[in-house]
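Number of protein chains: 2
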Amino acid sequence: MLLLIAEDFIKVEKISTVLPYYEELVEKTRQEPGCISYELTKDLKNEGHFIFLERWVNEDALTFHTKTEHFKRLVPLIDQHISEKAKYTRMEIIY
Amino acid sequence: MLLLIAEDFIKVEKISTVLPYYEELVEKTRQEPGCISYELTKDLKNEGHFIFLERWVNEDALTFHTKTEHFKRLVPLIDQHISEKAKYTRMEIIY
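Going down the list, the sequences are from chains A and B. The opening position of the first sequence corresponds to residue -11 in the numbering used here, with each subsequent residue numbered one higher. The opening position of the second sequence corresponds to residue -11 in the numbering used here, with each subsequent residue numbered one higher.
Keep in mind that the hints were calculated from the coordinates and are not lab data. Certain hints may be false.
Any copy will do: because identical chains look the same in the list, a pair fits if it lies in one copy or spans two.
Unchecked claim - Mimicking DMTMM-like on lysine to aspartate or glutamate, the simulated pairs with C-alpha atoms at most 20 Å apart in a straight line are: (1) 75 to 31; (2) 2 to 57; (3) 55 to 11; (4) 16 to 72; (5) 33 to 47; (6) -1 to 80; (7) 75 to 35; (8) 16 to 27; (9) -1 to 67; (10) -1 to 48; (11) 33 to 48; (12) 75 to -5; (13) 33 to -5; (14) 55 to 31; (15) -1 to 20; (16) 16 to 48; (17) 2 to 47; (18) 16 to 31; (19) 73 to 20.
Just so we're clear, the structure is a prediction, and the values are computed from it rather than from any experiment.
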């Protein structure tokens, strides 16, 4: 299993614009065969900082995700409203 | 529910010293009444970067955790071997 933390930084005044894109992205991504879980969280102390907690069966499942229609359509719409570059951390569970 | 990402940065040459402390911390923390889940992951691209994914019933459960015998004994042992200050991010699930 591959874990990924994907962090987005959205301009505060654009959060309400981005939320419907996020909602659709989460709903559609959870239907992908290689997706174990896909949750979107918000940082309670840093407005506009959104953190995806993603679990994939393997690296191929994540690659598949980035080629889906919903990813290729929604991520560029979200990226129009970022305040800084997204950050990705790939992890594996040790305990 | 409260989510917390706790990030530790351990000196690479001290990882094998710290792992048994982590293992005991995970095992004992999971037995706490307010702990929903408590997983330790490692960053695949940054050796020594360890990321706890924590879910607590509420803030009180997290406060209780920091007052347990295992936390007060093990965390200082781990902290002897850090290369930089730990980082904490409190979150809530939105989707």
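- Query: If you check each hint against the structure, which ones fail?
  - Reply: The structure breaks hints 2, 4, 10, 14, 15, 17, 18 and 19; every other hint is satisfied.
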